[in-house]
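Chains as they are written, first to last, in full-length UniProt numbering: chain D, 1 to 279; chain C, 1 to 210.
These aren't lab readings, by the way, just hints derived from the structure by calculation.
Check each hint, because a few of them may be wrong.
[What the hints assert, rightly or not] For lysine-lysine, the following DSS-like pairs were computed, each having C-alpha atoms within a straight-line distance of at most 25 Å:
#	chain 1	residue 1	chain 2	residue 2
1	C	K153	D	K61
2	C	K74	C	K22
3	D	K83	C	K153
4	C	K136	C	K74
5	D	K250	D	K83
6	D	K129	D	K196
[What the hints assert, rightly or not] Distance windows between CB atoms, simulated:
#	chain 1	residue 1	chain 2	residue 2	range
7	C	K110	D	D80	25 to 31 Å
8	C	V118	D	K129	43 to 49 Å
9	D	R273	C	T122	30 to 36 Å
10	C	K114	D	T78	33 to 39 Å
11	D	P17	C	D30	25 to 31 Å
12	C	L47	D	D80	54 to 60 Å
13	C	E98	D	Y93	18 to 24 Å
14	D	R203	C	N67	54 to 60 Å
Note that the Cβ used here is the ideal one computed from N, Cα and C, for glycine as well.
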Amino acid sequence: MAERDADYASQALPGIPNEILLQILSYLSFRTILYARAVSRSWRFLIPQAISPLYQTLLSKYLSSSIPIHLPEYLQVTIDQRKAFVEHIETTYSIRLPNEFRTTFLEWPSRYPLPGSQWPDTLCWYTNKQCTRCSLGNELCTCYHPELVGDYDITLTRSVFSSIINNQPILISDEHSFAWELFDNPPRMSGEHSEKQTKRMIRLYADTMKQRPNSSLWVSLYIKCLPLCLYNTEEDGEGWFCLVLGGKAKGEIHGWKAGWYDGWEANSFLEFRPIIIPA
Amino acid sequence: MATNVEETYLYSSPTTFKVSSKDGEIFDIDDSFINQSKTIKNMLNVLDIADNHMPIPLQNIKGTMLNAAIVFCKYHKNDLLSIPDDEDEDDFERDAYEPRRSDDISEWDKEFIKQFTVEEGTLFDIIMAANYLDIKALLAVGCKTIANMVRGKNSDQVRQMFNISYDPPGEGLNTPRNSVTSKESGDNQLLTTQEKESRCKTPSPELMYD
Chain D
1 MAERDADYAS QALPGIPNEI LLQILSYLSF RTILYARAVS RSWRFLIPQA
51 ISPLYQTLLS KYLSSSIPIH LPEYLQVTID QRKAFVEHIE TTYSIRLPNE
101 FRTTFLEWPS RYPLPGSQWP DTLCWYTNKQ CTRCSLGNEL CTCYHPELVG
151 DYDITLTRSV FSSIINNQPI LISDEHSFAW ELFDNPPRMS GEHSEKQTKR
201 MIRLYADTMK QRPNSSLWVS LYIKCLPLCL YNTEEDGEGW FCLVLGGKAK
251 GEIHGWKAGW YDGWEANSFL EFRPIIIPA
Chain C
1 MATNVEETYL YSSPTTFKVS SKDGEIFDID DSFINQSKTI KNMLNVLDIA
51 DNHMPIPLQN IKGTMLNAAI VFCKYHKNDL LSIPDDEDED DFERDAYEPR
101 RSDDISEWDK EFIKQFTVEE GTLFDIIMAA NYLDIKALLA VGCKTIANMV
151 RGKNSDQVRQ MFNISYDPPG EGLNTPRNSV TSKESGDNQL LTTQEKESRC
201 KTPSPELMYD
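Work out the full structure, taking the sequences as your base and the hints as a guide.
Next comes the structure, spelled out in structure tokens:
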């Protein structure tokens, strides 16, 4: 096998050593990479070594046979439409979207979403003006009309906040069990892991802490987010999976349900597995 | 031009040297070149050349290329001093999610690189010279220029442009259309049906699944 590999890698570009071809290939856009793979076996062999980890991930997803191609039109979004969405968000809210999310949106070469995934509800809504829940058009649907970017909060009692910041243990049975934030997401994640993630989040955004108006008991931390997808609408209100846009957890996906912080969901957009709506 | 006091060199004066190309041309080089060519800088540090009348032989580089590299370094003498001398290729991985760009070549560099072409092979010569001399900025301009040439071309055009030969028929991805007959094994399992269909026709990727 090693011999064959070496074979592919020889003479990839006449007169140019492969190390330089690797640098050349590293500048290609994802779209160009798809064409460049067909130039020769050696190019195809070298490309995965040359491209960024994000492109590597996108490429393996693109080459997998599980791209969901039987989706209704209102769940399909072309590159140009995604470009318009990114531009709209970035100019309206004067922000820059996290790189991984941004690149995926701008360069994924198909109108169909990544395998095992679906385009965010907010994107589909923005683009196709049709609700992904009830598939009704603009005026008729009353499911949701998300404000695209906003501050989402983590609200907890001041004493719990300071316990977390000072690394003190919190007892659930304690009077401080006002700290619902930490334990309130059984449908998705529960127990120690969820609590650990939430504590981490509270520490990461501690500097945004403000006292709740009219209350000395409660404080809130603020995190700028882009809501992506709805979840759990039947039970206690709707929840939103949101992309964190700023601060130390930028690029991660977290949940907010019925206005309350609901826990960590994914490290990045590419790891995010929203609930797939059956076509 | 302000002198950069933080730049210190292991070698001291003189600050100009002579180099000779493969075809025997002799050039004067100064700080602008020495600072940007890591190869020369290392040579001077190691060789401890006291006599600056003896040209340093650069056996790999033609005079025209050496001259061009010197011109490039003269123009870039100021901007490069501010860039930290990062040794690593890790630069690459600095932000795994930030795509590397090839559309950010400056106007001067675009004009500069126009004198070299693929047809005459001079574009590759200047890249090889930049690589040998280890002039990062020049190497990047050359590589980006080639990357831009690849952009928007299908695989046939790329092969033609760079004179890349086909792989043996029936074995590779780039076999001409209709000649892929047998069921290929091994690495072709990586391909989706859609890609197998599209790989010779190279349609717009946007339409690949339509």
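Against the structure, the hints come out as follows:
With a CA separation close to 23 Å, the supplied pair K153 (chain C) and K61 (chain D) stays within the 25 Å bound. For the proposed pair K74 (chain C) and K22 (chain C), the alpha carbon gap of about 21 Å is at most 25 Å, so the pair holds. Between K83 (chain D) and K153 (chain C) the alpha-carbon distance is near 22 Å, which keeps this suggested pair within the 25 Å criterion. With a C-alpha separation of about 14 Å, the suggested pair K136 (chain C) and K74 (chain C) falls inside the 25 Å cut-off, and the hint holds.
Simply put, K250 (chain D) and K83 (chain D) have alpha-carbon atoms about 20 Å apart, close enough for the 25 Å limit, and the pair holds. Straight-line distance between C-alpha atoms of K129 (chain D) and K196 (chain D) comes to about 38 Å, which puts the hinted pair past the 25 Å bound. At about 28 Å, the beta-carbon gap between K110 (chain C) and D80 (chain D) stays in the expected band of 25 to 31 Å. Range check, V118 (chain C) to K129 (chain D): Cβ separation about 48 Å, and the 43 to 49 Å hint holds.
The supplied range of 30 to 36 Å is broken by R273 (chain D) and T122 (chain C), whose beta-carbon atoms lie about 51 Å from each other. Here the CB-CB span from K114 (chain C) to T78 (chain D) is close to 35 Å, well matched to the stated 33 to 39 Å. Distance hint check for P17 (chain D) and D30 (chain C): the Cβ-Cβ separation is about 29 Å, which falls inside the suggested range of 25 to 31 Å. A beta carbon spacing of about 57 Å between L47 (chain C) and D80 (chain D) agrees with the range 54 to 60 Å that was offered as a hint.
For the pair E98 (chain C) and Y93 (chain D), the supplied restraint of 18 to 24 Å holds, since their beta-carbon distance comes to about 20 Å. Evaluation of the 54 to 60 Å hint for R203 (chain D) and N67 (chain C) yields a pass: the beta carbon distance comes to about 58 Å.
Hint compliance for this structure: hints 6, 9 are not met, and every other hint is.
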